[in-house]
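Colleague: Sequence:
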Amino acid sequence: MFPILPIRYIDPVYRPPSEANSLILPLTDGCSWNRCIFCEMYTDPQKRFRARDEKEVEENLRQLGEMPASAAIRRVFLADGDALALPTRRLLAALTGIRRHLPNVRRISSYCLPRNLKKKSAEEMRELAEAGLALVYLGAESGDDTVLQKIDKGETYQSTVDALDKLGAAKIQRSVMILNGLGGICYSKDHAFNSARLANATQPEYLAVLTLSFPKGESRLKAAFPEWEMPDIQGLLIEMRHFVENLELSRTVFRSDHASNWLSLRGTLGAEKARLLAELDRAIAAPDSAPLRPAWARGL
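Taken in order, the sequence shown gives residues 0 to 299; the numbers are from numbering that gives the first Met the number 0.
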């Protein structure tokens, strides 16, 4: 959309797939936790966690607002991995600046760690929603406390539920991400069951499943979680089936169509649960004839 943006980006820049057409506005660099043993996103030293200078963000927005093409900006994603780690005052200033300089924006979203919402009151969350924060992407990864401890997530089932409930009470939409394969073979069933239990308890508006992948290798995870072993394709599909089977959702948009997944699934739960289970059953029973994504096409 913009050949030259007045924004200082530090590569690589990450954003959810659904934010492909959004303006990426960094309020922070890196991730305030950055200890998860499976995650490779913010391991570069240049990506160490820091807050962007408030004046830099204000100037970015002012310059953007002066660009004729800025009228076409409809969505803004607050980067990097954890913008909601900032104090509420800083977030409100950025949201106000977006409204002032980019008046055609209709949706503002961000990643979020549950731990950082502990510091924000219900009233603060309502203020953020009223100022324009409409959607938060929360990487729960798992609802199983043993798996969460093994991967050094720094969260528990309950801390994740509390964060999602706080967002829901503020009328901020929630997109929750679970990682297929994260518990390995040893914890596969518990990982699937308790991740479904987490979704059932919180009823998020969006639920996505990605498959665990390691572009840089498995050594970091294996060093801290030596009993972990990746399920094969059929094992991943069986884990996914166990997860979907245990979901009891009223009206959640479900997606498992990320490039990391072998089998693409899309639907609304609970209305399309039976269809999704049937698709999984067919793939498990006859993987050679199932519409699995070829290995070369799994863009990781």
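Some clues are possibly wrong.
Said to hold, decoys possible - Calculated pairs, SDA-like style, for lysine to any residue (alpha carbon to alpha carbon, straight line, at most 25 Å):
hint : residue 1 : residue 2
1    : K170      : S17
2    : K221      : Y205
3    : K272      : Y205
4    : K221      : Q148
5    : K46       : R219
6    : K221      : G269
7    : K117      : K188
8    : K117      : N103
9    : K117      : R47
10   : K117      : P25
11   : K170      : P290
12   : K188      : A168
13   : K118      : T95
14   : K165      : K188
15   : K46       : D28
16   : K119      : D189
17   : K188      : A222
18   : K221      : K165
19   : K119      : S69
Treat the hints as calculated values from the structure; they're not laboratory data. Predicted model only: the values in this text are computed from it and were never measured.
Colleague: Confirm or reject each hint.
Modeller: Hint by hint, here is what the structure shows:
| no. | hint | result |
| --- | --- | --- |
| 1 | K170 with S17 | 20 Å, holds |
| 2 | K221 with Y205 | 31 Å, violated |
| 3 | K272 with Y205 | 15 Å, holds |
| 4 | K221 with Q148 | 14 Å, holds |
| 5 | K46 with R219 | 18 Å, holds |
| 6 | K221 with G269 | 36 Å, violated |
| 7 | K117 with K188 | 29 Å, violated |
| 8 | K117 with N103 | 32 Å, violated |
| 9 | K117 with R47 | 22 Å, holds |
| 10 | K117 with P25 | 22 Å, holds |
| 11 | K170 with P290 | 37 Å, violated |
| 12 | K188 with A168 | 31 Å, violated |
| 13 | K118 with T95 | 21 Å, holds |
| 14 | K165 with K188 | 28 Å, violated |
| 15 | K46 with D28 | 6 Å, holds |
| 16 | K119 with D189 | 31 Å, violated |
| 17 | K188 with A222 | 22 Å, holds |
| 18 | K221 with K165 | 34 Å, violated |
| 19 | K119 with S69 | 32 Å, violated |
Against the hints set out earlier in the document, violations occur for numbers 2, 6, 7, 8, 11, 12, 14, 16, 18 and 19.
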